[in-house]
Amino acid sequence: MDASQALAELTELSSQVKRAVVLDASGAILGATDADAAAAEELARAALDLVGAAGDVHASPDEVARVEVELAAGGLFVLREGGLTIAATTGPRPTSGLVAYDLRTCLRAIDPPARKGRRGARARTGEGEG
Amino acid sequence: MRRLFRLALVVALAVWAWRSLLGERGPRERASVAYADGSSLVLEPGSAGFERLAAPARRVLVP
Numbered sequence: 000m001d002a003s004q005a006l007a008e009l010t011e012l013s014s015q016v017k018r019a020v021v022l023d024a025s026g027a028i029l030g031a032t033d034a035d036a037a038a039a040e041e042l043a044r045a046a047l048d049l050v051g052a053a054g055d056v057h058a059s060p061d062e063v064a065r066v067e068v069e070l071a072a073g074g075l076f077v078l079r080e081g082g083l084t085i086a087a088t089t090g091p092r093p094t095s096g097l098v099a100y101d102l103r104t105c106l107r108a109i110d111p112p113a114r115k116g117r118r119g120a121r122a123r124t125g126e127g128e129g
Numbered sequence: 000m001r002r003l004f005r006l007a008l009v010v011a012l013a014v015w016a017w018r019s020l021l022g023e024r025g026p027r028e029r030a031s032v033a034y035a036d037g038s039s040l041v042l043e044p045g046s047a048g049f050e051r052l053a054a055p056a057r058r059v060l061v062p
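So the protein lines, in turn, are chains E and U. So for the first sequence, numbering that gives the first Met the number 0 puts the first residue at 0; every next one is plus one. So for the second sequence, numbering that gives the first Met the number 0 puts the first residue at 0; every next one is plus one.
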């Protein structure tokens, strides 16, 4: 399935995930739950910034695989696997392990051809239509 | 069987009471990072690392 289908399944199955976006290795958006393209871009940018900051706090240059930030307002989760990155927001006090499992399942459900940088979210959210 | 049911009920009530009376209060804030080499970090609120990670999260979580 493509990224948009996998995200639709994710939001259907997970009661904790509010918003999510899938990015390819270059940081381009493959799919998003947000109908608003600007909101999806904002979440994608936050995810990339978070991964960058997570890379900076570690002594070795190893790749960041997962970042979780829990604040009073909610949680932001970023998971990277197989060249894809998924970022998701949750409400306060999320069940971290369960959210991470759901995000990993979502990433693994995405077919390999969809991993090559198709800008699915932009098409789906209306950007470039008309 | 009835005794077993009562015991389960008592245990459930005890766990609920423990969590509601003695559990942590207030918002829980934390950040954790896992790396491809299997290492991981947990950053506590107030640390510089936590603030670095919290900044992008606040942009999308705090209205």
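Don't take each hint at face value.
Calculated Cβ distances over 10 Å to all of chain E for the following chain U residues [what the hints assert, rightly or not]:
id	residue
1	3
2	6
3	15
4	17
5	20
6	48
7	54
8	56
Beta-carbon label-pair distances, calculated as ranges [stated by the list, open to error]:
id	chain 1	residue 1	chain 2	residue 2	range
9	E	0	U	19	39 to 47 Å
10	E	24	U	18	50 to 58 Å
11	E	81	U	20	42 to 50 Å
12	U	20	E	34	38 to 46 Å
13	E	51	U	19	17 to 25 Å
14	E	34	U	44	27 to 35 Å
Simulated from the structure, these hints should not be mistaken for lab results. Glycine residues also receive a C-beta, built at the ideal position from the N, C-alpha and C atoms.
Taking the hints in turn, this is what the structure says about them:
In this structure residue 3 of chain U is separated from chain E by more than 10 Å, as the shortest Cβ-Cβ distance comes to about 29 Å. Consistency note on residue 6 of chain U: stated as away from chain E, and its beta-carbon is indeed over 10 Å from all of that chain's, at 27 Å minimum. Listed as a non-interface residue, residue 15 of chain U keeps its Cβ farther than 10 Å from every Cβ of chain E; the least gap is roughly 17 Å. Residue placement check: residue 17 of chain U keeps its beta carbon more than 10 Å from all beta carbons of chain E (closest about 17 Å).
The beta carbon of residue 20 of chain U sits about 18 Å from the closest Cβ of chain E, which is more than 10 Å, so the claim that it is off the interface holds. Distance check on residue 48 of chain U: its Cβ comes as close as 4 Å (rounded) to a Cβ of chain E, failing to clear the 10 Å threshold; non-interface status is violated. With a minimum CB-CB distance of about 7 Å to chain E, residue 54 of chain U fails to clear the 10 Å threshold, and the non-interface call is violated. For residue 56 of chain U, the requirement that its beta carbon stay farther than 10 Å from each beta carbon of chain E is not met, with the minimum near 4 Å.
Checked against the hint of 39 to 47 Å, the C-beta distance between residue 0 of chain E and residue 19 of chain U comes to roughly 42 Å, which is consistent with it. Between residue 24 of chain E and residue 18 of chain U the Cβ separation comes to about 43 Å, which falls outside the hinted range of 50 to 58 Å. Taken as a hint, the range 42 to 50 Å holds for the pair residue 81 of chain E and residue 20 of chain U, whose Cβ atoms sit roughly 45 Å apart. Checking the proposed 38 to 46 Å range against residue 20 of chain U and residue 34 of chain E shows it holds: the Cβ atoms sit about 43 Å from each other.
For residue 51 of chain E paired with residue 19 of chain U, a C-beta distance near 40 Å fails the hint of 17 to 25 Å. Range check, residue 34 of chain E to residue 44 of chain U: Cβ separation about 33 Å, and the 27 to 35 Å hint holds.
Hint check: violations occur at hints 6, 7, 8, 10 and 13; the rest are consistent with the structure.
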